[in-house]
Amino acid sequence: MTSKYKKIFSAAWMMGALLGCLLCPGTLRTGHAAFGEDIEKPKPEFTREGDRVTARYIPRAKSTSVQVHFTVSGGKLIDVRGLDFYLADRPEVDVKNFKSALFTVEIGDVSPGGEAVVTISSDFFTSSTQYYVFNEKLASPWMVSECENISLPNRVQDLVIKVKDGGPYDSDGKADGRIFFVGGPRDSFWGYALGTLFIRFFGIFLVLTILQVCMQLSGRIFQKMDAKKSQKSMQSKSGPSESAPIPQAIGSDDESQTLDAGSVAAVSAALHLYFSGSQAPERMNINASESTGWLQHGRQMAMGAHPLNARRSR
Amino acid sequence: MSWSHVLELIQSILITQTGIPNLAVNQVIMILIGLFFLYLAIAKEYEPLLLVPIGFGIFIVNFPLTPLMGFTEHGNPELIRVFYKYGVEWEVIPCVIFLGLGAMTDFGPLIANPKTLIIGAGAQLGVFVTYLGVLFFGFTLKEAASVGIIGGADGPTTIYLTAKLAPHLLGANALAAYSYMAMVPLIQPPIMRLMTTPEQRRIRMRQLRYVSQLEKLLFPLIGCALIVLLIPAVAPLMGMFMFGNLMRECGVVKRLSDTAQNALMNIVTIFLGLSVGATMQADVFLTWKPLLIFAFGLVDFVICTFGGILTVHIMNMFLKDKINPLIGSAGVSAVPMAARVAHAEGLKADPDNWLIMHAMSPNLAGVIGSAAAAGMFIAMFQ
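Residue numbers (the working numbering), protein chains in the order written: chain P, 234 to 547; chain W, 9 to 390.
Hints were generated in silico from the structure; no laboratory data involved.
Please note that the accuracy of each hint is not assured.
As the list claims (entries may be wrong) - Result set (DMTMM-like, lysine to aspartate or glutamate): computed pairs, CA atoms no more than 25 Å apart in a straight line:
id, chain 1, residue 1, chain 2, residue 2
1, W, K93, P, D317
2, P, K276, W, E97
3, P, K295, W, E97
4, P, K457, W, D329
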C-alpha cells in the first residue's frame, strides 16, 4: 500500500471515529424523534362484525398487516378507536416497545361500578405480550394491567383484562355505566432485537453448514463415480491381461495413505507411460513452410555433415 | 402590451420555467456530491460500472424543476421514476443482476472445498453487529437491517433488501455499499495483517480437487433446493442466481447464458445505477442518517473482514489441513476483488503461494452468506 492510500485510509478511520464520538452521547436515547417523522406509526383500520371489532394494521417492525380482535363481556362494546401515541407519551414509556397501536375501547351498558371483561386476541401477540393501560388522571398514568395471557390453537393469544367502571383502568374515572379503556399491547423492543439477532446469525451458520455437509457428501459420491469411470476406461484400454488393481481414490486421503511407496511408484510410472504414449510429439518436418531460409540452411548443413550422409554421398 | 407586462412575463417564465431562480444551496451540494462520485468512478476507477450511472443520477436529479423522479399531473411516473418503480420498487433489477452474476460464476472452487462455506457465514458478523449498533442511534429495526447488510459487500443484495425494508435509505445504502466495495483493497489489508502472523500468512493450502462438469451442473439445483427450503424468503435472489449458473453449466443454452452475463447485465446496471442515484434528492439525502450510514458501513466492512478471518482461526483449531487465514477476508462477497486482495497479501508473505483459487471459494460462500442474511432479515419482518 502506498503512503497516499495509507493517508486516505487513516483519514477515513479518523472521520468515522470522530463522527461516532460526536453523535454517540447525544443520540443514545433519542429514539424515533432523532430523525423527525415516526415512519413506522401503525394506522389501524376498524371493522365491526356483530359484537366483535377488528383492527387491521401494519405494526412496527413488520411488513405485513396483522389483525387484533376486541370483544367484551359484562357490557356492550360501543366502539374501538386508534389513539396517537404522542398523546400518551411519557418519559417512563418508550414508543418502540409498543409495536401495535394504542386503542381506546369504549364500553357501555355496564352496571354502575360494575366490571366488564375485555378480550383482545391476535396471532401477532406472544406469550410474553403485556397490555399497558394509560389513565392520565392518575399520578403515574402508565401501568401494566393485570392481564391473563391465554394460548389458543393456531398460535392465537388472548389477553383477558377485567376493567372496573370508575376504577384505575377507566379513563373517565366515573362509575357511570360507561368505561373508556385506553392502552396497548407491549413487547420488549430490545428483547426482540437481541433475541432475533442471535437466532438469525446462528441461523446463517446452520443453513450454510447444512449446505456444506450436503456438498461434502455429494462430493464424495462424485469422486467415487469419477474414480470408477477412470478405472473402467483404463481397464478397457489396457486389456484383461493387465487388469492390475488401480488405486480408486484419486484425491481421497484415507485410502491413499494405505498404499505403500512401491505401489504408488509403480502406478505413477504406469500412468506416465500410458499418458505419454498416447500423446507422442509430432514428427518434426524440416521442410515446413514456416521455417526461415536461415533455419532451413542450418538444418541441411547439419544433416549433410552427418557421417552416414557423407558416406552415401561418396 | 406595456413594458411592465413584458417584464412580468419574463419574470414569470424565469421563476416557473427555468431552474436558475429555484436552485437551492442543498441542491448545489448534492450536485457537487454527484460530481465527486463521478470523479471517483472516472478518474480513480472506483466501481465505475455502478458509480458512473449513480453519480450521474445524483447530478441530474438535483437540478430544480426537472421532470425525472416525480409524477405527471395525470399520475404517470416521469422518466427515471419509471426505471425506479418497475426496476427497483418492484424488486426486478437486483434479481436480474443476480441472474447475470450466477451466469458469470464458476462454483468449482467452492464445490471443491465446501468447508469455506462456514467462512462465508462468519463474515456476516458485521451485518449483525451493525444492525445492533444503529439501533442505538434511533434507527428502526427495518432500517437497521438494511444498513447492516452493507457489510455483506453485495450491491444487489443491499439494494434488494433496502428497497423492501427501508426504501427511503436506498440511495445512501447503495452508495455506501458500492463505495466501500471499491475500497476493499484499502480497507482489508491492514485488518488482515493485524489479525495474522507472518507464519500464518505463509500457510500453503492443498491443491483443490478436480470438479466434474456433472457436479457443477447439479450444484445450482441442489444448492437452490436446500437454501430455498431453509429460507424461502431468499428465493427471488437465490433462485435467479442459481438459474443463471444452471444456464452456464448446462452448456446447451450458451446464447442465453451469454446474454445474461453481458447484454442483460449491462442494460439493468444502467437502469439500476440511474434509479439509485436519482433517489438521492437533496431534501431526502442531506440529513444525519446518510452520514451515519456511511460511518457504520465502514465499521460494518471492518467487522465482516474481522469475522471472516476469525472464523478461519477457529476452524484451524480443528482442521488437520490448515487454511490460510488471509482467505477469511474474502468471506465478504465483493467478488472477485476480496479474493484478489487475499491473494495479493499472500504473495507479499510468500511469493510462491498462490491463494487466488482458494480465496474464490469463501468469496462465493460470502455471496450465498449475504443473500442468506438478507433472507433472514426479510423473514423477520414478514
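Now the hints, each set against the structure:
Of the supplied pair hints, the one linking K93 of chain W and D317 of chain P is violated, its CA atoms being roughly 31 Å apart against a limit of 25 Å. The suggested pairing of K276 of chain P with E97 of chain W holds, with an alpha-carbon distance near 22 Å, which does not exceed 25 Å. Among the hinted pairs, K295 of chain P with E97 of chain W is consistent with the structure: their alpha-carbon atoms are about 18 Å apart, no more than 25 Å. Under the criterion of a C-alpha separation no larger than 25 Å, the hint pairing K457 of chain P with D329 of chain W is consistent with the structure, at around 21 Å.
Hint check: a violation occurs at hint 1 only; the rest are consistent with the structure.
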